[in-house]
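Novice: Spelled out from the first residue to the last, the chains are:
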Amino acid sequence: MKRITTILLCIAVGLAVLGVPAAVGAVTGKLEIVHWWTAGGEGEALDAIAALFESLYPEVELIGASVAGGAGTVAKGVLQTRILAGNPPDSFQVHAGMEVRGHILAGVLEPITDLLDPAVFPKAVLDLCGYEGEVYCVPINVHRPNTLWVNKEIVDELGIAIPTLSDFDVFVAACEKAKAAGYVPLALGEAWTVNHLFGSVLLGALGPDGYRGLWDGSVPFTDPGVTLALERMKTLVGYANVDHAALSWDAAAQMLVDGKAVFNIMGDWAEGYFKAKGWEPGVDFVWASAPGTRGSFILCIDAFGVPKDAANKEAARAWVKTIASIEAQDIFNPVKGSVPSRSGADKSLYDVYLIWSMNDFATSELVPSLAHGGVLEALAGDIGDIINIFVTKPDVAGAQGSLNRAAIDAGL
Amino acid sequence: MAEVRLKDVNKTFGKVVAVKDFNLDIGDGEFIILVGPSGCGKTTTLRSIAGLEEVTAGEIYIGDRLVNDVPPKNRDIAMVFQNYALYPHMNVYKNMSFGLRLRKVPRPEIDKIVRRTADLLGIGELLDRKPKELSGGQRQRVALGRAIVRDPHVFLFDEPLSNLDAKLRITMRAELLDLHQRLKTTAIYVTHDQLEAMTMGDRIVVMNEGLIQQVDTPQKVYDHPINRYVAGFIGSPSMNFLPCTIVKGNGDLYAACKSYKLRIPQDKTKSLRDYIGKEAILGIRPEHIDTKDTITRKYDPESVFQASVWVIEPLGSEKLVHIKSEERILVARLDPHVDLKPGQMAEFIVKTDFIHIFDKETEKTIF
Amino acid sequence: MIKERTKEKLISIGLVSPTVLAIGIFVYGFIGWTIKLSFSDWNTFAKLLKGKFKFVGLSNYIKLLFQDPRFPSDLWNTLFFTILFLLGCVTLGIILALLLDRGLKGSIIFQNIYLFPMAVAFVVTGTAWRWIFAPGISAYPQGINLLFSKLGLDALRWRWFVSIEHIGPFNLALIPVVIAATWQLSGYTMAMCLAGLRGIPSQLIEAAQVDGASGWQVFWGVKFPLLRPIILSAMIILGHISLKIFDLVFSMTGSGPNLAVDVPALYMFETTFERLRYARGAAIAIIMLIMVSFIIIPYLISSMKREAKK
Chain A
1 MKRITTILLC IAVGLAVLGV PAAVGAVTGK LEIVHWWTAG GEGEALDAIA
51 ALFESLYPEV ELIGASVAGG AGTVAKGVLQ TRILAGNPPD SFQVHAGMEV
101 RGHILAGVLE PITDLLDPAV FPKAVLDLCG YEGEVYCVPI NVHRPNTLWV
151 NKEIVDELGI AIPTLSDFDV FVAACEKAKA AGYVPLALGE AWTVNHLFGS
201 VLLGALGPDG YRGLWDGSVP FTDPGVTLAL ERMKTLVGYA NVDHAALSWD
251 AAAQMLVDGK AVFNIMGDWA EGYFKAKGWE PGVDFVWASA PGTRGSFILC
301 IDAFGVPKDA ANKEAARAWV KTIASIEAQD IFNPVKGSVP SRSGADKSLY
351 DVYLIWSMND FATSELVPSL AHGGVLEALA GDIGDIINIF VTKPDVAGAQ
401 GSLNRAAIDA GL
Chain B
1001 MAEVRLKDVN KTFGKVVAVK DFNLDIGDGE FIILVGPSGC GKTTTLRSIA
1051 GLEEVTAGEI YIGDRLVNDV PPKNRDIAMV FQNYALYPHM NVYKNMSFGL
1101 RLRKVPRPEI DKIVRRTADL LGIGELLDRK PKELSGGQRQ RVALGRAIVR
1151 DPHVFLFDEP LSNLDAKLRI TMRAELLDLH QRLKTTAIYV THDQLEAMTM
1201 GDRIVVMNEG LIQQVDTPQK VYDHPINRYV AGFIGSPSMN FLPCTIVKGN
1251 GDLYAACKSY KLRIPQDKTK SLRDYIGKEA ILGIRPEHID TKDTITRKYD
1301 PESVFQASVW VIEPLGSEKL VHIKSEERIL VARLDPHVDL KPGQMAEFIV
1351 KTDFIHIFDK ETEKTIF
Chain C
2001 MIKERTKEKL ISIGLVSPTV LAIGIFVYGF IGWTIKLSFS DWNTFAKLLK
2051 GKFKFVGLSN YIKLLFQDPR FPSDLWNTLF FTILFLLGCV TLGIILALLL
2101 DRGLKGSIIF QNIYLFPMAV AFVVTGTAWR WIFAPGISAY PQGINLLFSK
2151 LGLDALRWRW FVSIEHIGPF NLALIPVVIA ATWQLSGYTM AMCLAGLRGI
2201 PSQLIEAAQV DGASGWQVFW GVKFPLLRPI ILSAMIILGH ISLKIFDLVF
2251 SMTGSGPNLA VDVPALYMFE TTFERLRYAR GAAIAIIMLI MVSFIIIPYL
2301 ISSMKREAKK
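Protein chains in written order, with the numbering used here: chain A, 1 to 412; chain B, 1001 to 1367; chain C, 2001 to 2310.
Treat the hints as calculated values from the structure; they're not laboratory data.
Check the hints yourself; a few may be wrong.
Restraint-style ranges between C-beta atoms, simulated for each label pair [as the list claims (entries may be wrong)]:
(1) A:181 / C:2153: 20 to 30 Å
(2) C:2054 / A:132: 20 to 30 Å
(3) C:2006 / A:64: 25 to 35 Å
(4) C:2139 / A:38: 30 to 40 Å
(5) A:173 / C:2128: 51 to 61 Å
(6) A:43 / C:2023: 51 to 61 Å
(7) C:2152 / A:218: 30 to 40 Å
(8) A:64 / C:2139: 54 to 64 Å
(9) B:1320 / C:2099: 27 to 37 Å
Below are the DSBU-like pairs computed for lysine-lysine, each with C-alpha atoms no more than 30 Å apart in a straight line [to be verified]:
(10) C:2063 / A:234
(11) A:308 / C:2063
(12) A:123 / C:2047
Far from chain C by the CB rule (all over 12 Å, computed), these chain A residues [as the list claims (entries may be wrong)]:
(13) 48
(14) 73
(15) 80
(16) 81
(17) 162
(18) 184
(19) 216
(20) 241
(21) 246
(22) 321
(23) 377
Note that the structure is predicted; figures quoted are calculated from it, not measured.
We treat Cβ as the ideally placed atom computed from N, Cα and C, and that holds for glycine.
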């Protein structure tokens, strides 16, 4: 009897010491995360989810290493240096799409398919987060770049109906009206925002299938859809403020708040900006799908993965698992102003706009973004240069030729 | 080609009075020299004539023109600086032609003038060289050439020979005089060297502490200095000064030192009438002291005195003998072959016809 | 026993060698590595990480110089910027130095005021001048346009660094950037010219005045020729700054519309760190190195020759 008891005790102690795998609370140490959420709203969102994580894993110290600098350009540099040195952070923010594909192909990230339930994530989203059947990063949120923001007061004054604005020709007519009344029809900002606008215009001109085809090589840039996109871009730029090259994206959004401009095509982080300026969604500003893109949703996804050489891989995996949960996403996204990347959200936590966006997310065609990591960075940059030149020298044929060459250069 | 007149010129720098009540008329073609120690105001006066300093009071005329408000470039003067002030980035030809080029003189004309002047000064082969490739004497000539080429109304020289070595200085003195005789341009020359002043000037202006002491020809300044300062400044080695008392004796007046007395020449006794019994200063030039052995003419036995030889400086042409007498050192200019040795006691005689007496308080010359 | 002479030699070598070693590795070694990188095909992150070197000859350079819409215009921009910047700094520097050389009361204060901008970082300068030159739109002018508008000088309003006007290959949008850079660095030329002017013996100036030169003629005939070596060395320093200019353009204007204000350093930054085309970025860096060496090397050779002559 005594012997059996001793053996049982040993086994029990042994099991306790070895730890039951995935027992919550057994993960310890430091968790270093590199991100670029430094602007207002973003920082709070991260803090909120960090608090949740720390309540789940009290033994883990979460260190948020933020690197300020628009859309993560600076963070990327820091990241590359550390990865090359073999000292990657335990996890890092990355755009899902070709941007994370770069890391995957470089062998930086390890597959984490087991940490999430694929059924609750849209396939298009998982495609952007994975490669050859495996998922390498978990999307924490979804921003929507192809949104048209509208100064409600001005459109009411001009008698413009909002829902039909998603039709491109209707939108152009509305711009004419605004221009005649002395307003700047379309508020536009510097270089990358123009590229951002072009992304929506391409989507509108080619439709979601054609648009997707551009990026996987099945549709060449010599396609007449691209010609149409360039023509439409030319038209839109004609309605933009002439000093756009001197404005950051928020300065352009400010033009709406100041009542100088009527429309702004920007990602839904602009909503956070409007709210921070005291505007109420639905009252002071309204929205619609960017002209021509009704029924499509461009994906701008922030995701986190687990680097192969992470110092504290257990903690990293715990982090990734946490953010895949709907609880975490419901804490993060309302503050961030984005929608969860998965189903099951508690709609009561989200404001009017985000509810509209979530509904659209569930029903629209989901496509990768041009300006936000969906497309190979080198190609996105080249397109950015070409569009920058195009905006001032609207040579459609020339630009199309350059786009085609850039695509070939990028291997498409 | 012009006279220069300074009337009641005063120049102060803040609290410091550099030149005081300067009055001078310089004749056309005259070579006049301002001489004095450092700080006496001679350079300031020269610069005021040039227009490089603005006078605090007074008037300056060049020719008949009042030039107080005229800038240097329009006063038609040329200046030779102590440090030559040659333009280092230009060669000799360009240095000399600079002023002419500014006046837009036609190129062939410039060429003629520059080459002629260069030949005159013996620097014809140096026209392509830069100042840093020239010796001191050559640079001086270029500076001269630059001034001559301008053909001005007045030449101004600011101690131009001070930076040359002794031998070169003597050569240049003669050359400058020769040039002056040829060009006949009015020249105002500043120096601290009284030898230069004596050898070169038509007239010399002795200055001290901002004031003119005496203006006259060199010989007159030498023979008849107006005060003790000029008497001591002009002449090298300088005049010997001794304290004395004027006494009466044997119907004559004597300048009495401790151990001997010198008879005052007859024609000078009248001027000393008020000084009988008073103290005065006696001045004797070195060439007016002889040894008793070498004197050949008649002498007054009362003007003989004993002194010991302290230091002898043989110059080859004469011997400068420093002698100790009555706790003073006197310098005597003696024949080069005189047989004296340091420490030796000997008898010396003063040529009383040439002595000077100065008022003890005012230091003005009585005779 | 080690001889005294040899010991001295060893000590000298010992003191100098850390620096030589450091420069050898961190400057020349890195330059060598960059050259090697520019001949490779590492134009994606994966290729960089995998590290397999594939020699592609001059293809990166050829793509940049002949097939890139952006790089040749960058080179024109650099030329234009350098010419205007050097002209601006030298002219302004000389004028300020001449004014300060008069020794009027309070000139020390002004001397320091003109030098202060040098202490400011280019990033700060760029941000501040961006506010000044951001043009606004015609109904709502901003910055200096607003000032002109308030003063009634509407004719002077311009699009500044947002303008796409150009004279041949020279983009006028660079002019505001030149103004900002000149504001920052003309104090440097001023200080050098002032030191140079003060080194000219006053007798030289007086000789020129007596020779008949007016103030203007004294400047051209005497002062400027003697300032030439100082101006030349100032131009060398400023020249290599302007060829490599980055932070000012980055913080003030970005690449500008139609890439009017783009400069090679900016393009290199974007190419390497945003588009992850490392080899092409290295090629840009090497081209910039060659440009700068065209200025520095002749200068070094001539000053070594001058030392040897002494």
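Novice: Each hint: holds or not?
Specialist: Going through the hints against the structure:
With their beta carbons about 29 Å apart, residue 181 (chain A) and residue 2153 (chain C) fall inside the hinted range of 20 to 30 Å. The hinted range of 20 to 30 Å is satisfied by residue 2054 (chain C) and residue 132 (chain A), whose Cβ atoms lie roughly 24 Å apart. Taking 25 to 35 Å as the suggested C-beta distance range, the pair residue 2006 (chain C) and residue 64 (chain A) does not conform, at roughly 59 Å. Remark: the range hint 30 to 40 Å for residue 2139 (chain C) to residue 38 (chain A) is upheld by a beta-carbon distance near 33 Å.
Range check, residue 173 (chain A) to residue 2128 (chain C): about 42 Å between beta-carbon atoms, so the 51 to 61 Å window is missed. The supplied range of 51 to 61 Å is broken by residue 43 (chain A) and residue 2023 (chain C), whose beta-carbon atoms lie about 42 Å from each other. Take residue 2152 (chain C) and residue 218 (chain A): their Cβ atoms lie about 60 Å apart, and the range 30 to 40 Å is violated. The hint said 54 to 64 Å for the Cβ distance between residue 64 (chain A) and residue 2139 (chain C), and at roughly 43 Å that hint is violated.
A beta carbon spacing of about 58 Å between residue 1320 (chain B) and residue 2099 (chain C) contradicts the range 27 to 37 Å that was offered as a hint. Distance hint between residue 2063 (chain C) and residue 234 (chain A) is fulfilled; the C-alpha atoms sit about 28 Å from each other, no more than 30 Å. Distance restraint check for residue 308 (chain A) and residue 2063 (chain C): the Cα-Cα separation of roughly 35 Å exceeds the 30 Å cut-off, and the hinted pair is therefore not satisfied. Proposed proximity of residue 123 (chain A) and residue 2047 (chain C) is supported: the alpha carbons are some 29 Å apart, at most 30 Å.
The Cβ of residue 48 (chain A) lies farther than 12 Å from every Cβ of chain C, with a closest approach of about 30 Å, so its non-interface assignment holds. Under the 12 Å C-beta cut-off, the non-interface status given to residue 73 (chain A) relative to chain C is violated; the minimum distance is some 5 Å. For residue 80 (chain A), the requirement that its beta carbon stay farther than 12 Å from each beta carbon of chain C is not met, with the minimum near 7 Å. Consistency note on residue 81 (chain A): stated as away from chain C, yet its beta-carbon is not over 12 Å from all of that chain's, at 10 Å minimum.
For residue 162 (chain A), the requirement that its beta carbon stay farther than 12 Å from each beta carbon of chain C is met, with the minimum near 24 Å. Distance check on residue 184 (chain A): its Cβ comes as close as 6 Å (rounded) to a Cβ of chain C, failing to clear the 12 Å threshold; non-interface status is violated. The claim that residue 216 (chain A) lies off the interface holds: its Cβ sits roughly 17 Å from the closest Cβ of chain C, which is beyond the 12 Å cut-off. Non-interface call for residue 241 (chain A) relative to chain C: violated, since the shortest CB-CB distance, roughly 5 Å, does not exceed 12 Å.
The beta carbon of residue 246 (chain A) sits about 4 Å from the closest Cβ of chain C, which is not more than 12 Å, so the claim that it is off the interface is violated. A cut-off of 12 Å between C-beta atoms confirms that residue 321 (chain A) is not in contact with chain C; the least separation is 26 Å. The beta carbon of residue 377 (chain A) is not kept farther than 12 Å from every beta carbon of chain C, the shortest such distance being approximately 5 Å.
Hints 3, 5, 6, 7, 8, 9, 11, 14, 15, 16, 18, 20, 21 and 23 from the earlier list are contradicted by this structure; the remaining hints agree with it.
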